[in-house]
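Engineer: These are the residues of each chain, in order.
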Amino acid sequence: MHRTLERQIKKYLPGVNVSAIAWENFFKAVDEAYTHFDDDRKLMSRSLDLSSKEQVEVNERLAKEKAKDEAILSSIGDGVIAVNEEGKVLFINQAAQNILDLPNENITGQPIYNSIEMVDEHGESIELDKRPFEHALKTGETITATSALTRYYYVRPDGTKFPVSFTTTPIKIEGKIVGAIEVFRDATKEKEIDHAKSEFVSLASHQLRTPLSTIGWYTEMLMAGDAGSVNDEQKGYLEEIYHGNRRMVELVNALLNVSRIELGTFMLTPEPVNFVELTKSVIAEVHPQVIRNGLNIKENYEENLPLIPADSKLTRIILQNLVTNAVKYTPSEGTITVSLSSVLGQQINHGNANEKYLLITVSDTGYGIPNKEKDKIFTKLYRAENVREKETDGSGLGLYLVKSVLAACGGEVWFDSEENKGTTFYVIIPLSGMRAKEGQRSLIT
Amino acid sequence: MTNKPRRTVLIVEDEKPLLNAIRIKLENSGFDVLTTRTLDQALHYMEDIPKVDVIWLDHYLLGKGTGLDFVVAIKNNEKWKEIPIFVVSNTASPEKVRSYIKFGVTKYYTKADYRLDQIITDMREMLKD
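First to last, the protein sequences are chains A and B. So in the working numbering the end of the first sequence lands on 818, straight run, no missing numbers. So in the working numbering the end of the second sequence lands on 181, straight run, no missing numbers.
Be careful, since some hints might not be right.
Unchecked claim - Pairs of lysine to aspartate or glutamate, DMTMM-like flavour, derived with a Cα cap of 25 Å: (1) B:Lys116 x B:Glu147; (2) A:Lys701 x A:Glu792; (3) B:Lys148 x A:Glu623; (4) A:Lys686 x B:Asp165; (5) B:Lys68 x A:Glu623; (6) A:Lys686 x B:Asp169.
By construction, these hints were calculated from the structure, which means they are not laboratory data. Note that this is a predicted model, so its numbers are computed, not measured.
Same shape as in the complex, but just chain B (with noise of 0.2 Å):
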């Protein structure tokens, strides 16, 4: 992966132990990796950090908000309406979903029936690195 550029990836999941392995799994895939477990740092790190390639989101969140709430947000702004959204939560009622898919994510996976692995490809499939 020498030529590739380097992707800056945000992770926003509450639970420790999955944030530490997606973020362990991103960095050894060559992400550059930004972790967060709440809704407001999220939104921060939208602000400060000027380019966000891909967003790895969990639907509860640590704290006030849900994911939905952060897509609301990115979707509704001019600078980041195009960055790619994968939904990666436990929580698979189809009115979610659904609301997710309107919102416009770009995908949406039941973490325990997905592999690390298969996610990340298919998010680099996505980004076309």
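Same shape as in the complex, but just chain A (with noise of 0.2 Å):
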């Protein structure tokens, strides 16, 4: 081939003079040149040859992955519902046809606010933005409602509804909302059962109240000597059951009132309330506590606080759980402040940023409460473990009630606090008043 290649380049190029050696370097160079050309070419067959089957061995396990996620998706009890970025149904699974009643209805590609209606519990309609996928989509925050206290209700095609148990969640990638997934079942029977419950608990508390009733009639009238005249000692016991007595009294009291916030069975009246007034009387009621713990009190009140359309019943709960939780849980010779002032959402960090409230600021400087339970602070029936060591009359449903009322009427609360420095209770009410609710029954106080 070299001969053929200096024969060529000799006629075409007849003037060149070119010497051995640099023929054969010339010659080498072709050498070469074809040679790298063939390995690349090999090597480019191959790794085509390659890619071509990872190829299929990449489609083989995505059709696995994609068979076995819908394997798992149809068979998971509970409904399962994903949306794209607009609301539209990306799948739907079994489980969610079968609660939903929409066994041969294709919604996929459908809208999901056409497709399936949802209500609150008086059977309005939810509005679209409020809607748990709505909310998924603009927010991108997860929404959910797991307990039998679920105000969502989903609709059947035949316009039977049933309370829905579910946890929306959007569908991000690379931070953007794609769409949204939701995991949802019938709560019908939870709550059944938490409305029997709650009933039960009412029911109960009646009945309590009538026996408790007896006790506390006969010991005050033994105690003021209607059957005979008692000595000290005597009287000594009669205090100890008449005081049992009123704990008592107070513990029904608290039940029923939970019962009623869970029940939704509780009303809310708002009437115009002087705060400081009724701030006031909260604690002259605790002052015979104050005294014998050897406390201080300061109160510190705006001046020309409106009157607030509030429920005074409702308030006179929240107050009195703050102000006796501070008397309960501080040490001899500590301070408690009570403050009532009006401030803008945004100076607070809390409500609606230009929205004006009332904000009630309860502190003392007692045991406070451990960083580990401050989460668990307005959970029912719970109590802090360093309290609970040092104060066994508490029931753990004073703060439950506050935090429940206050979300039941436009309000707030939450807390600073440092173990054995004190803590703050912080509470606001809009200026423009507690929403009204309708009821059966108003709560006890």
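With the hints as a guide, dock the two chains, each given alone in a separate frame, to form the complex.
Structural biologist: Right, dumping it as structure tokens:
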């Protein structure tokens, strides 16, 4: 091949005179170029071959994964629905179709809001921007209602509705919301059980109050000498019975209130309330304990606070709980400070930024709330470990009631606390007033 | 309490131990006391006894009728409608409280939350004794 190449070059380039060594080098270079090219070609063809093989493998793997996912999703007992960023259904599993009674309809590709109606407990349609899917898509937040207290209901094609317990989570790819997925189930049974439980508590509490009245009144009469004189020792015993009975009455009242809140039967009737007067009267009630425990109470009231439309019974429950807690959980010579002022939401980073609120703060120099228990302090029946050791009297219902009542009326409650330094509770109530709520029963103060 | 006129109180309460406690406490406080556990007998007392000054009333009663029926009967009778009525009951539903207040009862107490002497003090004040 080198000879032919040499002849060709000499034919087309007659004037070129090249030494034997130069020819040698030239042919060597040409050889190498051919070899390299051949290697590259082989490499290329091999890698092409490889990648198509891999492609097949990857495809197979993906198909398997997809089949597995689909198998998992369709065999899950809970309903699963996924939507894209426009709220159109991407996927609905068998359980969801069964729960919603949609066996033959294909809603894939349809907007979820048209396909499945969602209503509240009164049967009123839930506004679009309050629908969990819309909320997840718009805010990127997970929305969940997993207890029997859910207020969301799905409506089946035949018009029947059922309470739905769900978690709706946005699907994000590289931070961008591309859809949302909801896992849900029918919460009818749980709701029925919860309702029965609350009704039972309510009934039992009523039945309990009659014998408690008997104990209270007869003890009162014995102490007053209505059945003849009693000596000091007997009087002391009777006082113990009387106070034990009082505690029992308070506990029954608290249980009744909790069951009313959970049944949703409590009512909220706003009327103009003078918060300063109300606070003063609550403080006056605890005066005997304040003296007995050697505490100081400071009161700061902003001048000219307006009357606020509020439910005075509920407001009293809130104040009583915060003030009695402060008194109960502050060692002697401690100080409790109660303040009332008006603030804008943005000043305190709570509520709505531009709305005006009444801010109630109750701070103490007491035992404080341990860090690890701070997230549980509003939980029903929960009592922090450090106070359980010091004070046996307490039901763990007070702060739960405070939080529930405020949640129902448009207010908020939160706190700062350091163990062995003290605690400050903050409550805000809109100056425009508490939201009214129709109900059968008021709460008991 | 020497010069004070003796007052007659009618107690309508179904729960025997409570009825007795109220009776004893009111007698010890110088009242003449009538007691009954039913609506029917309460109405008979009203017919038969010339002067009832004040009524102590529970909501749930023995037999037919409730305290509310009794209040309606009292307030619809020209002779009786000015008699003060103190409702003392453990049934604190606001509908009931509202109905009682609407029909013009003097005061509504939740039994478990009030001492007897507190209610009797209020009663005396009302009667201006």
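Engineer: Indicate, hint by hint, whether the structure satisfies it.
Structural biologist: We went through each hint and held it up to the structure:
The hinted pair formed by B:Lys116 and B:Glu147 meets the criterion: a straight-line CA distance of about 20 Å does not exceed 25 Å. For the suggested pair A:Lys701 and A:Glu792, the alpha carbons sit about 15 Å apart, so the restraint of at most 25 Å is met. Only pairs whose Cα atoms come within 25 Å are accepted, and B:Lys148 paired with A:Glu623 is accepted, the gap being roughly 22 Å. This hinted pair checks out: A:Lys686 and B:Asp165 have alpha carbons roughly 14 Å apart, not beyond 25 Å.
For the given pair, B:Lys68 sits about 24 Å from A:Glu623 by alpha-carbon distance, which is consistent with the 25 Å threshold. The hinted pair formed by A:Lys686 and B:Asp169 meets the criterion: a straight-line CA distance of about 24 Å does not exceed 25 Å.
In summary, this structure violates none of the numbered hints.
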